[in-house]
Every structure is written in structure tokens, then in C-alpha cells.
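Okay, here's what each chain looks like letter by letter:
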Amino acid sequence: MTEMKLSWPKNYNEVPKEAFVREDIYAEEVKRIFHGTEWHPVAHESELPNAGDFKTYRLSGVPLLIGRDVEGVVRVFYNACSHRGNQLETAVMGNKTEFECPYHRWLFDSKGDLVGCPNPREFLPGFNKADYPLAQPRFDIFFGLVFVTLSSETEPLLAYLGDSQNTLRELLAGDGRLKLLGYQKVRYDTNWKSYTDNDGYHAPLLHQAFKMLNWQGGNGRQFTATKRGHICFESALSVATGPSVLKDKSLIEFKGQDPAVGSRIVSLFPTFVSTKHLDVINLRFATPIDAETVEVHYAYFAHQDDDEDMVRHRLRQSSNLLGPCGLISMEDASIFHRIHIGNHTPGSAIFQKGVHDPLKLESEFLQNDESGNLPRWEYYRSVMGFERATA
Amino acid sequence: MIETDMSLEAALNAVLLADADALDSKDMQRWLDNYADEENASYFCRSAENSEHGLALGFMYDDCRARLEDRVTFVNDIWVGTFQDYRTRHFVQMTSYHRADTATLEMRSNFSVFMTPKDSGITQVLAAGQYLDSVRQQKNGGLKLLSRRAELDTSVLPRYLVYPI
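Going down the list, the sequences are from chains A and B. Taking the numbering used here, I'd label the letters of the first sequence as residues 1 to 391. Taking the numbering used here, I'd label the letters of the second sequence as residues 392 to 556.
In short, the hints are calculated from the structure, not lab data. Note that the Cβ used here is the ideal one computed from N, Cα and C, for glycine as well. Be careful, since some hints might not be right.
Far from chain B, some chain A residues (derived; all Cβ distances over 10 Å) [to be verified]: (1) D69; (2) G72; (3) V74; (4) Q87; (5) D163; (6) K185; (7) A240; (8) E308; (9) L327; (10) E331.
Cβ pair distances, simulated, as ranges [said to hold, decoys possible]: (11) B:R499 <-> A:A159: 52 to 60 Å; (12) B:Q529 <-> A:T90: 27 to 35 Å; (13) B:Q529 <-> A:S244: 24 to 32 Å.
Chain A on its own, in the form it takes in the complex (with noise of 0.2 Å):
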């Protein structure tokens, strides 16, 4: 493996803003993180409610299709003829029982399972279909929602999740049975770290529409899990309480059960973030496509026990509240844009808000606190093998 050479700073609080621009360095995290011994959500199974619905994904540029066989069992493949490799379903999502790759027309059944050649007189001596199936990564399910590793060296899922796992139980509405209301998709211009480092964290001062709607934060915590750093942010919730800008308010309004639970935010490493607020369930599947941008499938949900006006509640919400063009996020998506283009300087990103000791890590955090996204920092130091600075 090549050395590569980057000066980490010795203080916890400072990340070098080479680490965000520079190609030698992502080439190297796509080999350590994306196909190293982490876990990445890559869908929800309400996504595929029906037995032969599938979607395709593509995790760091690998292609996958996750698919509901025709028994009901979700299951991932590699989204490549296991022939000549051929990717084998082209669209986004839909529902097929079986999938023929058009270049030879080799035929797979909905569990992957090679049930058709045409002509195999001509291939190998001794070719058997049954050592053809479609080959497929590791992958695990919480709560409905299904994890991919392309390591076979990664800890079980739950390990993984570790303290995160009950957030992140109550962010899928308690029992994981939600109800694909669609997507926004859209690509940053920003390197990937520069996406989770400020998405899921929620800068007060950005958003006018909080001071415009004397809308604060409920009381809650954040704290991070695992040696990995996933962040969890437990909120009640809270409910603007000035008068209103807005002549619609539903947009800002609470419908749901339990105001404890009004509020919540996920952030896995190395992507994924998750966030419920009021009655906005979204899982964003992000992934890098190159060293300068990411692309993020902004997935929303209902529940599955929802009346219909409680999913048109959730629809007309989500749409408007959270995503690319959302009231309290548009303006994060272009601070994703900004602060890419101010990492191309000499430097390092300091944080300040909640550091009280730079040469200490900590894991409990007040809500607004930069310092929650340091743990995370140290492991991806650590795996990327750069040497902390030790004056």
C-alpha cells in the first residue's frame, strides 16, 4: 500500500482541509471505507412492498439490485450478469420476477437463481446453471432497513449500530413497517465528508426560517456511538410559537402520537443520515461519485398504520419541509457547495462550538454543538492511517 503523507494536526478539533480535496486520498477511501469494513444502508424494505419489487443502487460506483422475491424475502445482488458481468437491470426501480441480461440471455429468478441459457451444448464441458446464480454482497436488515458491507472482515451489524440502535428504532417509527411516500434526489458539488459533516448537524444561526417562526430547539441530547462516531440527536419536540410568516401552517405543524419522540437524527458513518422531525420520516442513501461530489436519494415515509390524511399530512410535509428545496434545509445544501470550494485552501476546519478541552474527545454533546462530529474525525483518521501530530 502507497504512504500517503498528510499532517494531522495534534488537537482533536482541527481537521486538515487537504483531507477533503485531495484525489490521492479519496482514491484511498473508496478502497479502506467504501469497500472496507463498514455498513451502508442502501434502502428501506418498504421501498420493495410487493414480491418482485426490486430497486438499483449504486454504492460508491458498485451497481446493486435489491429485490423482493416472489416469497416475500428481500435480498441484495450485485447488479451484474454472473457471465460476462453484463449490468443486468437498468431501471431505477420496478417489479419483475425474473431479469434477463439482453447481451446473452442468461435468465435469473427472483432469488438470484440462474434458470436460463440459451445453448449450453457450446459452453464449458461440465457447465452447471446451478453454479451460476448472482453473486451477492453481505448485507443485514434493522428495522427494515437493509445494510450492504463489501467486506467480509466487518463486525455484525448491530455491533456496528451499537448505542445508535435505539435511535435510530425510534427514527423508523418505532417497528421499521413505513410507507415509501418517494423521492428527491440530487447531486452536491462537495466532497463527501463535507455532505455528513454538516448535514444532520443543524447550525442555528443559518436558518432564518427558526428566528422567523421564534422557532427553538426542544430540550434533548446528542452523544455518539461506537468507535465509529455515529451521532444521535434525541429531541422533544418542538413548535414555533411566534406569529407565523407562513399562511399555511401545516407546514410546521404536528400531527403525530408522542411528542417525545418528535425529534430525531441519525448520522452512520462513513454517509447516512436520518432524521424525523415533526412528521417527516427521511432516510438520505448517500454516496460519493467522485473526490468533489456526492449524490443523495432524499427517501420519505409514512407508516403503515397512517390514516389517509395523516400520509397526505406526511406528503404535503415532506415535500416542502426538508430536502434540496426544503424551508429549514435549502440553505444547508448550499453550505455543502461553499464550504467545498473554501477547502481548497491551506488550513484546517476548526470547531469551536462545545470543544472545551482540544486535546480530549468526548461523547455527550448539547444539541447545537460542533464538537459532536469529532469522535467520528478520530476514526476516520485512524483508518485512514494518518499520523497525528504529537506538538
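Following the hints, complete the assembly by docking chain B onto the known chain A.
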């Protein structure tokens, strides 16, 4: 029924161009004024991918006049100074229209929108797709949008949206 009335077609084109011009001028009040003054006046912006799969979620879901007015507030008041601004140019072309009832016309148009961020100065395509419009004939004979669905072929946007498409 297919109308062949040239003046009607010209009036529909004027509605189409008035919206494009208001948006490219970032004049949100003029954008709003191009909609009928009815409670259920609406604007939706969503990917054709969502629509084709029966998913109603959009990038913008302004299903009543109050939300159209709030959209003006978002752009003119709430978001001011927080984003990298960009110019847009809308190219629109009506592809068909027909009369739905005495006061309403249905119109279909193609659009492509170029954007040029002010900082980079590099022009790229923001989105392409079609508008599915219901157009209301006012008592005075003038035309206004009753509802517009911007259906985006662009299912993955190249950036966040500030202004409606």
C-alpha cells in the same frame, strides 16, 4: 375538442411566457400573479420518476393558494442571503392544448432550464421536462394558471432549488 382559434393559442402562449419571464427575472410576485386567484390554485414540481411509480412526493408541493404565497415568502424573505444565487433561462414550447370545460383549458409544454451560478459563471442544464397545466379563463377573458405540474425528466438535480422550475 381541438380549438383552432389562433388568438386562444396566442393567449395560452402568453401565459407560458409570462411565467418563464417572471421566474427568470426572479420576480416572485409576478410569478404568483400569473396564477388564478382561487383557493385551490397550485404548483407542483416533482420528478417524472416519482410520478411514474405512483409516488406523489415532490421537490415542491404547493397544493393551495396559501402555499403559493408562502413560496414567495420563502424566496423573498426567509432564504435571502443564505445561498449561492444563480441565473436561470427557461425555454418553453407548447406541445398541445385542449378545452376541458367552458372556463378551463389543459395545456402541455416542454421546458428546459439553464442555470448559471453567479460565482462560477459556468452554464449548465438545471432541468428538462414538461409542464402539465390547467389554465383558467377569467371573467374578463384573460387567462391564468389554475394548476401547474412541472414533471422533471431530471430525476437527479444538479443542485438544490431556490426558485420554482
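Requested in this report: Kindly indicate which numbered hints from before are broken by the structure, ordering the numbers from low to high.
Outcome: Of the numbered hints, 6, 9, 10, 12 do not hold.
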